[in-house]
Amino acid sequence: MTDPYRQLGVPETADDETIRAAYLAAIRACPPERDRQRFEQVRAAYEAIASQPQRLAHALFDTSLVTAEDLLEVLSAGWQAARPTEAALYRLLGGHD
Amino acid sequence: MSRKKKTKPTPVVAGGAVSAGPADLAEVTLAAARYKDAIEQFKELLKRERRPEWLEGLAAAYTGRAEQLAAKGMIKEALALWRTRSDACNVPLLDGRYVGWLLKNGQVEQALGFLAAVEKLPPEAQAAAQTQLAPAVLVAPDALLAGLAADSPVLQHRAAARAALAACAHGDEAALAAALQAISFRSPYRDLRPLLRALSLHASDPQQAASALARVPEKGPFEPLAQVLQVCLMPAGEWLAGLRGLDEAGRTLVLDLKGCPPAQRALVLDLMARTGDAPTPVELFDLAMRHCRAMTGGIVRPLCLRLLPHAPQRLDAFRANLPPLAAAEQERVLALAAELKQDPDRAEPHWLRLVKLLSATPATSATPAGQQRAALVLRRLADEHSHHSPDGSLCAHAQDWLAQSLKLDPADRATHLRLVRDARLHGSLKQARSLLDAARERFPDDAPLLQEAVEVALAAGAFKKAAGLAKQVLQLDPINPRVRTLIGRAHLSHARKQIDAHNRAAARRELDEAATWLRSADERGLVRLLQGFAAESAAAADSLWHEAVAELGPLLGAFHLLMEGGRSGLEARVLLGRAGVDLAAPPSVEQTVALAQGLNLLPERDRALHAVLAALRGMLERAAGALHLSESEHVLVCEALLRHEQQALTRRFAKAALERWPQRPVFVYLDAAAQYGAQPWRMPRHEWQRLDRVFEQAQDEGDQRTARRLSKLLGAAAGPDDDDDDGFPADLGEPGAAGIGDAMDMIEASGGEDAFLDVARRRLGKAAFDRLRRDVGGNKKQLAQALAELLLVAEQELKQLPPPRAAWPNAAPKPAPKAAPKPAPKTPAVRTVPPATLVQPDLFDD
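Chains as they are written, first to last, in the working numbering: chain R, 1 to 97; chain A, 1 to 846.
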């Protein structure tokens with residue numbers, strides 16, 4: 001995931017305070033001793049968009065590659081987890097209509 | 001199943017006795033998961049002898065192959081192979097995943113047919129068989145189960161299992177809990193308990209769901225549901241790849257659970273198909289275009305805009321399918337695309353057009369964000385140019401861009417600071433002060449700006465002002481060590497002024513003040529030494545100098561004493577005698593290194609410094625031979641000495657280093673630079689070749705700085721070359737006599753470097769000009785000099801040496817091209833062809 005806004009779970013309109021709060025929450029949830037890689041990602045995301053000039057610079061100069069997973073993440077941002085239907089469960093277990 | 005070509009049979013020893021080789025081979029093949037080959041090999045073995053272990057091997061090979069086929073969705077083929085396995089190996093059909101495949105193939109009745117056989121199995125095998133058949137009973141229509149005994153375990157808990165499935169689907173937690181409670185831990189449906197719990201928790205509490213799932217045994221009768229849940233619980237970046245391992249029903253259920261709308265499923269499956277090899281930006285762009293309608297919520301345009309710099313060839317497709325691209329967006333995309341192709345020359349005009357659009361268009365000029373964006377672009381351009389400068393200094397363009405950026409966004413303190421610092425380092429103190437005043441108006445109590453003000457004041461010799469400003473910095477930043485040193489140095493400098501003005505009492509006060517700020521031993525020694533010059537009596541001076549020399553050591557003490565000694569009017573010999581300096585004493589490593597550091601702080605071509613170093617020559621020569629300096633210390637000392645044109649001493653230290661690190665490129669360079677740097681044309685051929693070799697070595701070792709310096713020295717030694725392919729930019733073309741004359745006229749007519757460079761930029765074309773500018777490191781003085789030298793050299797060649805080779809009777813054949821050094825990156829138009837003879841008497845005799 002390369003989008004720093006999604007990394008921190010904030011909207012693109014978020015201000016400095018919101019971003020900082022999200023960053024602190026993220027590193028509390030994922031300290032470096034628990035998951036170094038995730039911590040680095042969160043820190044890099046925060047450093048990219050911490051202030052308004054940085055956000056503008058990110059919007060202007062970011063050339064990070066978009067992956068299939070990024071695309072899926074953008075797409076799935078609006079999805080709502082759902083319960084399975086009985087039919088789908090039976091179909092999976094071998095039942096046929 | 002189509003009949004496939006059989007593998008070559010395994011060789012068998014005559015007489016029926018099978019060698020150990022083929023049996024081992026079959027085992028190895030089986031272990032390597034080459035099931036098709038393993039089946040053939042075990043079959044061959046069994047033709048000779050029906051050994052139980054080979055039958056087991058054949059059954060295992062059939063199992064592996066059938067699972068391979070099922071994983072590819074070839075369920076019918078898997079079932080057929082399973083039946084063959086049962087016949088050939090005499091193993092029960094109701095084993096492994098056979099029932100699951102039957103169900104997947106829609107053969108519920110056939111699966112249920114095994115129930116009758118289960119009752120004939122031994123009691124211990126019955127439970128396992130019923131567990132395998134549980135999914136078939138669960139999904140079977142009631143009519144098919146009419147003949148089953150009512151007390152059969154698969155029937156007893158069937159109703160509870162179906163109720164649990166229904167409760168899970170309806171989100172009825174209480175009903176689910178009750179239904180699962182009714183399924184005992186011995187029930188054939190027992191795996192459904194953790195599975196349905198995980199299913200009900202997968203969205204609300206993934207961790208709990210994962211721990212419930214972990215309790216489900218692998219390859220159980222409800223494996224398809226376990227696999228679906230596993231994929232659902234994968235992290236965001238991984239579940240798409242996990243989807244590939246599921247069949248159609250599994251994928252559908254995952255997407256149901258994720259809440260994927262039906263319109264987007266084709267896109268998700270398309271993405272899934274591309275997860276193996278990372279799709280290129282162009283492929284992703286095309287995919288987004290294909291599924292444009294499915295991507296609702298305005299996500300497709302920003303996504304494609306992000307992809308465009310990587311896929312600029314899709315600009316037309318973007319324009320045709322998506323809301324129009326604004327002019328600023330297009331310039332940004334093209335600039336980034338050029339940068340991604342490492343072509344800053346092509347990016348620059350796009351960035352500049354973007355700046356114009358962001359800052360000047362009536363629609364955008366009103367928005368501060370637009371102006372801020374324009375300022376950011378200008379700063380990026382300045383950064384790009386200063387990256388090519390060896391010391392990070394700003395070229396004229398970069399200065400202009402930064403100044404322009406401040407007009408658009410005056411709140412950027414870092415840019416203010418950068419411009420002030422650059423002006424100070426270039427000696428433009430008036431400009432530095434004016435920039436500083438503007439910055440301090442905006443940021444009156446900013447510690448870094450005040451610190452820079454201290455530096456500017458010091459550079460201008462306004463020591464009192466510098467000390468005052470430094471104290472202001474300390475009020476804001478009390479532990480700033482740099483400022484403490486600056487204050488101390490300001491007092492030292494002021495004390496020197498007072499000593500020169502014979503105002504000894506004032507000088508002593510300044511020195512006392514300096515002593516409170518300067519803490520290192522060397523600094524304290526220097527204070528003591530200056531106190532000697534400000535002392536009331538000769539005896540007091542001698543005593544203070546003795547103390548200073550004791551603190552600084554003989555080398556550093558003598559150096560400072562002689563440097564400061566000009567203001568005493570005493571001869572060096574007398575001064576050294578009074579201070580008790582023993583020039584025969586061996587200097588230490590620390591003193592030698594400190595001396596080199598001190599030399600680096602002094603300006604070049606200092607006549608007084610040359611005299612001081614001449615007095616210390618013997619001591620330094622001994623130091624070169626005796627001291628055990630580290631490699632970096634050797635480099636520091638050599639470079640400091642070379643900077644002050646101490647060629648002989650530089651060579652001494654370089655040769656000492658080469659004895660310890662033979663052929664180390666940096667020392668070979670320093671040795672050669674000391675010997676031939678001032679007169680590179682005197683470099684003999686063998687030396688040129690040695691440098692050529694170490695140039696390659698430096699490049700191989702990644703020592704780009706030394707490689708660049710060697711390349712420059714080699715280029716200077718080789719002198720002008722008449723080849724076309726010598727590294728000159730093609731855009732320059734052949735310098736004709738008329739063109740040179742014009743250019744010379746232009747230099748004379750132009751009123752300075754800037755004007756000359758502007759003319760050169762227009763004449764050469766932007767691409768060639770920018771390349772030259774980068775090659776000389778972005779420094780405009782060096783660029784103007786390099787351009788003028790190029791023109792002069794070309795003129796010399798054309799007027800005096802037509803043809804050049806014919807004028808050199810002793811010319812040796814040109815070395816093979818492979819011997820020519822590769823030009824280092826960012827190096828000016830370096831001649832890569834060695835000269836025929838590097839000493840050209842006829843050229844320089846005049």
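Be aware that a few hints might be false.
Stated by the list, open to error - Reference excerpt, derived from the structure (chain R facing chain A, CB under 8 Å, subset only): (1) Ala48; (2) Ser51; (3) Pro53; (4) Leu71; (5) Ala88; (6) Tyr90; (7) Leu93; (8) Gly94.
As the list claims (entries may be wrong) - Take a look, some chain R residues computed to stay more than 12 Å from chain A by CB distance: (9) Val10; (10) Arg28; (11) Pro31; (12) Pro32; (13) Glu33; (14) Arg38; (15) Arg43; (16) Ala59; (17) Ser76; (18) Ala77; (19) Ala87.
Hints listed in this document are in silico derivations from the structure and should not be mistaken for laboratory results. Yeah, the Cβ is synthetic: ideal placement off N, Cα and C, and Gly gets one too.
Closer than 8 Å between Cβ atoms is the bar; does R:Ala48 clear it against chain A? Give me holds or violated.
R:Ala48 check fails; min Cβ-Cβ to chain A is 14 Å, beyond 8 Å.
Hint validity - R:Pro53 Cβ closer than 8 Å to any chain A Cβ
The hint holds - R:Pro53 has a Cβ within 8 Å of chain A, the shortest such distance being about 7 Å.
Status of the R:Ala88 interface restraint (C-beta, 8 Å, chain A):
At 5 Å from the nearest chain A Cβ, R:Ala88 passes the 8 Å test, so the hint holds.
For R:Arg38, which was marked as not at the interface, is the minimum beta-carbon distance to chain A over 12 Å?
Given a closest Cβ separation of 10 Å, the condition is violated.
Does the closest beta carbon of chain A sit nearer than 8 Å to the beta carbon of R:Ser51?
For R:Ser51, the interface hint is violated, since the closest Cβ of chain A sits about 11 Å away, which is over 8 Å.
Does R:Arg28 really sit off the interface, with its C-beta more than 12 Å from all C-beta atoms of chain A?
The claim holds: R:Arg28 sits with its nearest Cβ about 17 Å from chain A, beyond 12 Å.
Quick check on R:Leu93 please, does its C-beta sit within 8 Å of some C-beta on chain A?
With a minimum Cβ separation of about 5 Å from chain A (threshold 8 Å), the hint on R:Leu93 holds.
Hold the hint about R:Leu71 up to the distance rule: shortest CB distance to chain A must be less than 8 Å.
With a minimum Cβ separation of about 6 Å from chain A (threshold 8 Å), the hint on R:Leu71 holds.
Test the statement that R:Ala59 is away from the interface with chain A: the closest C-beta pair must be farther apart than 12 Å.
It is violated; R:Ala59 is separated from chain A by about 8 Å at its closest Cβ, not greater than 12 Å.
Mind verifying the non-interface call on R:Ser76? Its CB should be farther than 12 Å from each CB in chain A.
7 Å, violated
Tell me if the interface restraint on R:Gly94 is satisfied: Cβ within less than 8 Å of some Cβ in chain A.
Holds: closest Cβ of chain A sits about 2 Å from R:Gly94, inside 8 Å.
Report holds if the minimum CB distance from R:Arg43 to chain A is greater than 12 Å, and violated otherwise.
18 Å, holds
Consistency note: the structure conflicts with the earlier hints numbered 1, 2, 14, 16, 17, 18 and 19.
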